[in-house]
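Engineer: Which chain is which? The protein sequence lines are A and B, in order. Everything in the first sequence is counted per numbering that gives the first Met the number 0, starting at 0 for the first residue and increasing by one. Everything in the second sequence is counted per numbering that gives the first Met the number 0, starting at 0 for the first residue and increasing by one.
Read the hints as simulated data drawn from the structure, not as lab findings. A couple of the hints might just be wrong.
Restraint-style ranges between C-beta atoms, simulated for each label pair [as the list claims (entries may be wrong)]:
#1 B/L165 / A/G33: 32 to 38 angstroms
#2 B/T198 / A/E24: 45 to 51 angstroms
#3 A/N301 / B/W72: 21 to 27 angstroms
Backbone N, C-alpha and C fix where the C-beta goes; we use that ideal spot for every residue, glycine too.
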Amino acid sequence: MFIGHFTERPYQDPAAKFYGAGKEELTDLVLSNGDYDPKIAHSLYNRYFDEKLTAEAMGFDGLMLNEHHSTPFTMGSVCNIEASILARITTKAKIVLLGNLLAVRSDPIFLAEELAMIDVISQGRLISGWVRGTGRESLSHNAQTPFNWERFQEAHDLIIKTWTEPGPFRWEGRHYQLRYVNPWAKPYQKPHMPIWVPGVLSYNTLEWAARHRFPYIMTATDEEPTRQCFEIYRQIANDNGYDAGPQNYGYMVKLHVDETQELAEETAEKLLQGPSNPFLEGNQGTVKPWLQALPGLTNRNNMLPTVASRANLAGRGLSTTGFTPGSYKDQRAKRGIIAGTPKNVLKELRAALENVRPGIIMIWDGDGAMTHDDTMRSLRLMGSEVLPMIREYAKELDLPGPFEVDPASGMRLGAESGASAG
Amino acid sequence: MSTLDPAVPRIEVLNLAHGPLSLTTAGGGPPLVVLHQDVGPFGWTAFHEALAERFTVYAPDMPGFGESPRAEWARHPRDLAAILLNAARHLGLGTYTLVGCGFGGWVAAEMAAFAHPELSALILVAPAGVKPEGQFILDQVLEDPFEYLRAGFSNQESFEHHFPDLKDKALRPRLDSARENIARVSWKPYMYSYELPETLRGAVELPVTVAWGTADRVIPVTAAQQYRAILPQASVRLFDGAGHFLELERPSELAELIASPVDAPA
Numbered sequence: 000m001f002i003g004h005f006t007e008r009p010y011q012d013p014a015a016k017f018y019g020a021g022k023e024e025l026t027d028l029v030l031s032n033g034d035y036d037p038k039i040a041h042s043l044y045n046r047y048f049d050e051k052l053t054a055e056a057m058g059f060d061g062l063m064l065n066e067h068h069s070t071p072f073t074m075g076s077v078c079n080i081e082a083s084i085l086a087r088i089t090t091k092a093k094i095v096l097l098g099n100l101l102a103v104r105s106d107p108i109f110l111a112e113e114l115a116m117i118d119v120i121s122q123g124r125l126i127s128g129w130v131r132g133t134g135r136e137s138l139s140h141n142a143q144t145p146f147n148w149e150r151f152q153e154a155h156d157l158i159i160k161t162w163t164e165p166g167p168f169r170w171e172g173r174h175y176q177l178r179y180v181n182p183w184a185k186p187y188q189k190p191h192m193p194i195w196v197p198g199v200l201s202y203n204t205l206e207w208a209a210r211h212r213f214p215y216i217m218t219a220t221d222e223e224p225t226r227q228c229f230e231i232y233r234q235i236a237n238d239n240g241y242d243a244g245p246q247n248y249g250y251m252v253k254l255h256v257d258e259t260q261e262l263a264e265e266t267a268e269k270l271l272q273g274p275s276n277p278f279l280e281g282n283q284g285t286v287k288p289w290l291q292a293l294p295g296l297t298n299r300n301n302m303l304p305t306v307a308s309r310a311n312l313a314g315r316g317l318s319t320t321g322f323t324p325g326s327y328k329d330q331r332a333k334r335g336i337i338a339g340t341p342k343n344v345l346k347e348l349r350a351a352l353e354n355v356r357p358g359i360i361m362i363w364d365g366d367g368a369m370t371h372d373d374t375m376r377s378l379r380l381m382g383s384e385v386l387p388m389i390r391e392y393a394k395e396l397d398l399p400g401p402f403e404v405d406p407a408s409g410m411r412l413g414a415e416s417g418a419s420a421g
Numbered sequence: 000m001s002t003l004d005p006a007v008p009r010i011e012v013l014n015l016a017h018g019p020l021s022l023t024t025a026g027g028g029p030p031l032v033v034l035h036q037d038v039g040p041f042g043w044t045a046f047h048e049a050l051a052e053r054f055t056v057y058a059p060d061m062p063g064f065g066e067s068p069r070a071e072w073a074r075h076p077r078d079l080a081a082i083l084l085n086a087a088r089h090l091g092l093g094t095y096t097l098v099g100c101g102f103g104g105w106v107a108a109e110m111a112a113f114a115h116p117e118l119s120a121l122i123l124v125a126p127a128g129v130k131p132e133g134q135f136i137l138d139q140v141l142e143d144p145f146e147y148l149r150a151g152f153s154n155q156e157s158f159e160h161h162f163p164d165l166k167d168k169a170l171r172p173r174l175d176s177a178r179e180n181i182a183r184v185s186w187k188p189y190m191y192s193y194e195l196p197e198t199l200r201g202a203v204e205l206p207v208t209v210a211w212g213t214a215d216r217v218i219p220v221t222a223a224q225q226y227r228a229i230l231p232q233a234s235v236r237l238f239d240g241a242g243h244f245l246e247l248e249r250p251s252e253l254a255e256l257i258a259s260p261v262d263a264p265a
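Starting from the given sequences, assemble the full structure and let the hints guide the process.
Structural biologist: And the structure:
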């Protein structure tokens, strides 16, 4: 089992009008960065680095970062800068990027160089993850949306070649043309760092990940459709001549541990507060659908089973739990949020692990309106009581991570064979 | 070409080397090709009917719009222009009048840049294609598709008159498809070309009319004078109070202008 820690690194300014519950409802992509205060941002960036250091000390295998643009809900728009700093200040944990926006980059060689440098500086601790991005990303960098998927695939092929073959070489592709590819930075891990692919809705992305034998991480999706998606992955793997297992599947869950059940519930509810986040279920605010669904960005006729629960959210009716879709009670009832004392959290988490059977689990905590103290209490209890038990459960339930069983072959790996994970 | 009953437009599919192209034809008289807006063809309108009284009207669905399949390889309006020039040659039109509305005006201007000897006249109706000085073209990527459609009209009443039923299930997919097609051929720069003013400049002997509504909310009317600066022989006719979809709001006047163009200014 590979256990990672994640937060969106929100820009928290309780005085701002966009600060979630109790404030005016925010329409996504209308906020002006005229409201940005670099002093607040300075303090928050450093707080989040401190929390990542604690997460490493508490025994997390991976420190996960992500990338979103033009929004206060994620401060890591250039997450490779954060990853570079983590490469220097941490010593053991993997740095997990889920992920970089391939199609939005006009020059994928820059990305290949940045990631190779992070891998080298961290002595081979980078896990690279690649995404297509939402509307905000293409909008923010004016990347032509109808060709997002083609550009994603071509950028992948170009970067892999850049990492694995000696240069210089010339690239004349449909979307990228380069006269001289020969960057003086190559991955520390050979043949290259592991690649994981996060996803939520797109069948194409899951199918692509399965064909390339890359672990697929479902980010905060309901358990049952997640399980169904993993089954689709397994079938595609079968069709492509290999056996997929837990080492190929990642599951992200919102989880907060605290000293008492009451304090845990009260604090976990802050996940749905703070900067309005259209991807944080229950804290969506309103969106401009035509900006989310930019022309030709996503094939709406080719969605994963997760689309049904997302549609429920948009419908604002009642969830199968009997609560308002996306509300704290709804998410607690379906284990989208797990909160409590270590003992209670472990009981719920075990049920989720039995149901979804991932080999990678990403714990999403410290987000929304949570304070540094809230995050640190949870991290300490995770280190002392929760993580050791998760590892016991993983053994009992036979849930190997991608550094124990090679996701590309299904073969069990030695202790130092991390480079094959993806 | 045979003379057709103006009341009965005929829809056919041209099988070009590039692929099929849907074409609606009606009327009698000298040939006239009319190209539609970016939101897709509006069908056979009063404007087409009025033109068909004087011309044999050829109204293609540009590749990727209406019933014509997308040219997957196309990346620029110039690419659509190449297909449409071939369509005109395929039909054996000889010399013909070319009318382009909005985005279709840009495609028409691209055609003229490369094949002006094949044209008897060029009529640009609030055309895209040049970068308005000091102003922006309304960016449909940032707009709700229905709001973008609404912006094509001078006022709400006019919009409701032409689109009485926004719940029409066929409308939204049509708008989405057209929007995606525009994103493929005019992502950036959006709706203009830095090269067109130079490639078009050579069409010095072509009679050109530029028509524009003064209440255009999509492309600033000031761009009319920029076209005039490229083609000094062009006459500019402004329609007071009309919106971007001039062919819907002033069909008879516009058709009259096309049939009897004003003299080129001194």
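Engineer: Go through the numbered hints given earlier and state which of them the structure violates, listing their numbers in rising order.
Structural biologist: none
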